[in-house]
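Chemist: Chains as they are written, first to last, in numbering that gives the first Met the number 0: chain A, 0 to 206; chain B, 0 to 206; chain C, 0 to 206; chain D, 0 to 206.
Careful: at least some of the hints might be erroneous.
Partial list, derived from the structure: chain D residues whose beta carbon lies under 10 Å from chain C [claimed, not checked]:
#, residue
1, 18
2, 19
3, 48
4, 200
Below, a sample of chain D positions facing chain C; criterion: calculated Cβ distance under 7 Å [stated by the list, open to error]:
#, residue
5, 22
6, 23
7, 30
If you want the ones that stay clear, here's a sample from chain A, every Cβ over 12 Å from chain D, calculated [as the list claims (entries may be wrong)]:
#, residue
8, 28
9, 59
10, 61
11, 121
12, 169
13, 171
14, 172
If you're looking for bench data, these hints aren't it; they were derived computationally from the structure. Ideal placement from N, C-alpha and C gives every residue a C-beta, glycine not left out.
4 protein chains.
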Amino acid sequence: MTTDKSEEQELGLTTRRIESLTDGVFAIAMTLLVLSLELPPLGQQLSGTQLQQLLLSQAAKFFNYALSFVLLAVFWIIHHQQFHYIKRTNRTHLWINILVLMFVALMPFSTSLIGDFPGDWIAELFFSANLFIVGLLFQLNWLYVTWFKHLTDRSLTPRLVALGLRRGLVTPAVALVAIVLSLIDAPLTTHIYILIPVILLLPMFRR
Amino acid sequence: MTTDKSEEQELGLTTRRIESLTDGVFAIAMTLLVLSLELPPLGQQLSGTQLQQLLLSQAAKFFNYALSFVLLAVFWIIHHQQFHYIKRTNRTHLWINILVLMFVALMPFSTSLIGDFPGDWIAELFFSANLFIVGLLFQLNWLYVTWFKHLTDRSLTPRLVALGLRRGLVTPAVALVAIVLSLIDAPLTTHIYILIPVILLLPMFRR
Amino acid sequence: MTTDKSEEQELGLTTRRIESLTDGVFAIAMTLLVLSLELPPLGQQLSGTQLQQLLLSQAAKFFNYALSFVLLAVFWIIHHQQFHYIKRTNRTHLWINILVLMFVALMPFSTSLIGDFPGDWIAELFFSANLFIVGLLFQLNWLYVTWFKHLTDRSLTPRLVALGLRRGLVTPAVALVAIVLSLIDAPLTTHIYILIPVILLLPMFRR
Amino acid sequence: MTTDKSEEQELGLTTRRIESLTDGVFAIAMTLLVLSLELPPLGQQLSGTQLQQLLLSQAAKFFNYALSFVLLAVFWIIHHQQFHYIKRTNRTHLWINILVLMFVALMPFSTSLIGDFPGDWIAELFFSANLFIVGLLFQLNWLYVTWFKHLTDRSLTPRLVALGLRRGLVTPAVALVAIVLSLIDAPLTTHIYILIPVILLLPMFRR
Numbered sequence: 000m001t002t003d004k005s006e007e008q009e010l011g012l013t014t015r016r017i018e019s020l021t022d023g024v025f026a027i028a029m030t031l032l033v034l035s036l037e038l039p040p041l042g043q044q045l046s047g048t049q050l051q052q053l054l055l056s057q058a059a060k061f062f063n064y065a066l067s068f069v070l071l072a073v074f075w076i077i078h079h080q081q082f083h084y085i086k087r088t089n090r091t092h093l094w095i096n097i098l099v100l101m102f103v104a105l106m107p108f109s110t111s112l113i114g115d116f117p118g119d120w121i122a123e124l125f126f127s128a129n130l131f132i133v134g135l136l137f138q139l140n141w142l143y144v145t146w147f148k149h150l151t152d153r154s155l156t157p158r159l160v161a162l163g164l165r166r167g168l169v170t171p172a173v174a175l176v177a178i179v180l181s182l183i184d185a186p187l188t189t190h191i192y193i194l195i196p197v198i199l200l201l202p203m204f205r206r
Numbered sequence: 000m001t002t003d004k005s006e007e008q009e010l011g012l013t014t015r016r017i018e019s020l021t022d023g024v025f026a027i028a029m030t031l032l033v034l035s036l037e038l039p040p041l042g043q044q045l046s047g048t049q050l051q052q053l054l055l056s057q058a059a060k061f062f063n064y065a066l067s068f069v070l071l072a073v074f075w076i077i078h079h080q081q082f083h084y085i086k087r088t089n090r091t092h093l094w095i096n097i098l099v100l101m102f103v104a105l106m107p108f109s110t111s112l113i114g115d116f117p118g119d120w121i122a123e124l125f126f127s128a129n130l131f132i133v134g135l136l137f138q139l140n141w142l143y144v145t146w147f148k149h150l151t152d153r154s155l156t157p158r159l160v161a162l163g164l165r166r167g168l169v170t171p172a173v174a175l176v177a178i179v180l181s182l183i184d185a186p187l188t189t190h191i192y193i194l195i196p197v198i199l200l201l202p203m204f205r206r
Numbered sequence: 000m001t002t003d004k005s006e007e008q009e010l011g012l013t014t015r016r017i018e019s020l021t022d023g024v025f026a027i028a029m030t031l032l033v034l035s036l037e038l039p040p041l042g043q044q045l046s047g048t049q050l051q052q053l054l055l056s057q058a059a060k061f062f063n064y065a066l067s068f069v070l071l072a073v074f075w076i077i078h079h080q081q082f083h084y085i086k087r088t089n090r091t092h093l094w095i096n097i098l099v100l101m102f103v104a105l106m107p108f109s110t111s112l113i114g115d116f117p118g119d120w121i122a123e124l125f126f127s128a129n130l131f132i133v134g135l136l137f138q139l140n141w142l143y144v145t146w147f148k149h150l151t152d153r154s155l156t157p158r159l160v161a162l163g164l165r166r167g168l169v170t171p172a173v174a175l176v177a178i179v180l181s182l183i184d185a186p187l188t189t190h191i192y193i194l195i196p197v198i199l200l201l202p203m204f205r206r
Numbered sequence: 000m001t002t003d004k005s006e007e008q009e010l011g012l013t014t015r016r017i018e019s020l021t022d023g024v025f026a027i028a029m030t031l032l033v034l035s036l037e038l039p040p041l042g043q044q045l046s047g048t049q050l051q052q053l054l055l056s057q058a059a060k061f062f063n064y065a066l067s068f069v070l071l072a073v074f075w076i077i078h079h080q081q082f083h084y085i086k087r088t089n090r091t092h093l094w095i096n097i098l099v100l101m102f103v104a105l106m107p108f109s110t111s112l113i114g115d116f117p118g119d120w121i122a123e124l125f126f127s128a129n130l131f132i133v134g135l136l137f138q139l140n141w142l143y144v145t146w147f148k149h150l151t152d153r154s155l156t157p158r159l160v161a162l163g164l165r166r167g168l169v170t171p172a173v174a175l176v177a178i179v180l181s182l183i184d185a186p187l188t189t190h191i192y193i194l195i196p197v198i199l200l201l202p203m204f205r206r
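Sequences are here, hints too, so could you generate the full structure?
Modeler: Below is the structure:
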């Protein structure tokens, strides 16, 4: 696939509108997560105690809501950081980003799945595979733009390229562990994701 | 309908906010596609095997989700490319774009329709007609702005105008074939759309 | 209520972000209109003929979808035109705009109401009252900013102020007629809105 | 946690995209509030009188819709005002803002809860706790950026810092009263929020 500058100019593609579409999809996916929380069916009368039980029984769903929100935020920050240095785009780069969005938009579904079937290995596998693919696509995005250097800003040093790769590996690596875990001890799976923010605080992922 | 510059100035219309509204509608329509995926009704207990069957039985819905996402992305890219050269707007141009958005926002409904009624000719016809109209309106948009040249940037050469027309013909042409096919062999219809990304990779649609 | 410049500066309010929030709310409200279209309940098997009947029986809902989409677009264009000349904001002006958004976001509900209860006078009254209030608030917005002239751009001539008032009167005036009509002959009500785009094409509303 | 400038530059974080994501989440959360309004189930035939009763019986839900819309708008204005002076961001600041969005996105759920269980103390407690947390996080955001002064604009005077703190206290303080009230006299709880706009009009919160 050719990636010379003339093609990009003819495409008329700018990173500004990719960022705008991405911010939109992330904002909507993050806000739609709330639909995975359960309200009793309309018209049904619940006593105060029953409502209390309903909310308490959803503790896992609230945890999933917070987890998916944080994971989407981690991905959004990675996007943010990558596009700080990405100044131009081309057809291949654009489609990598559209695939990213396709799997980001699937997250509310995956989150509802683990909420409705807690501990079910198929649900957990689906959720972790979704995260794994998003993580991998972000890594692919970074490899692609840093390989074809004319897409990035000159201020991008080799050290920053390596930092970006290191950071981008965290989520797919943890998701891969989660996928294996979902086949062995499914109920444990989602808890492993708490590792992601912890790992990202380690010095080697910060500079 | 008059299109002189004074009218546009009085309208106070800018392409920047059309792009902003368009990015919003596309982001939402793309993210709402996920609602076409089916979750078992709340409160119903499914065993792991039943969940597996439910997900596998939805293979066609996942395909439709990916297909509609990619087709909306193709349209978004066309919009992106057209507005790279569109610098001004007027009333007629604005309303063409609002009609585009009206049919873009209908796509989650059409996608749910072919997902819930796979192989039904009416569902397939509805979906393909929706795509055909969006494609046609984008073509109309391009014809309009390139005809009234003062709406576009000076860097737009006749070769680029022709390239835009060629590219814009792909989706409505394939959708027209799909409409005919939906009347003959409905279950085959959606598969034909895989042609669109393949065709758009041909050299004649790239420069 | 004070409106001196120092207050605005201390508020730290800019029109750019009001436009951004507004474009978001309009894009979402327009796209959520699609939820007023009815799909058969999941799991229910319909024959092709039944699907055809279901879609045909929804002709009025498709009409309502298109109508509400166009009316929201008319309001969005008015917002667009007003903010082309509005360069500064203050607390009162900001809250007028938030009230506008509150009633814009109600439109998908009102549209579902007339779709589910076609010809019912209460549904029609609700829908028309919703439109009337949005139209009135936009008019109030224009009166406010043109009265406190330091909020607007210097290029705003008295002729343009009057043109904005004339245009802004069309929707609330037609909605008022619709409200009266909903009390006399409810099933006719929604059809009267076709007048709005026709009236807005008259020369006196164009310059 | 280090907050030196070099880290921020390596993060590649800008306030512009935080504002863009925030405007998106607020716009969606505000528009999704409409889903808390109840429509009769599809297919059910209601007479005009029954529809009238249904709408009237929802008077409290319409009040909640307006209340939550206004409260979200109050928070959005606070965000707006804070970011007028916030020129740079860092990791901690970014995560405070993501937590803000997580609880803003929860508001449609909390609003549905008090709508479906009016006067239930658990529902009222949940709603008020949600508001309290959002208010507290906004206050934390302001304390953080004004403490680490290099994140803010030079035009931010101590008087403006104090004004921001005073304003930011209103919502969490009223929410705290509401939390206490929900344990004593739950049905009264939501009405207390009408105090917020009234208090914010007092001179001490305006300059």
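Chemist: Which hints from the list above does the structure break, by number from lowest to highest?
Modeler: Hints 8 and 10 contradicted; others consistent.
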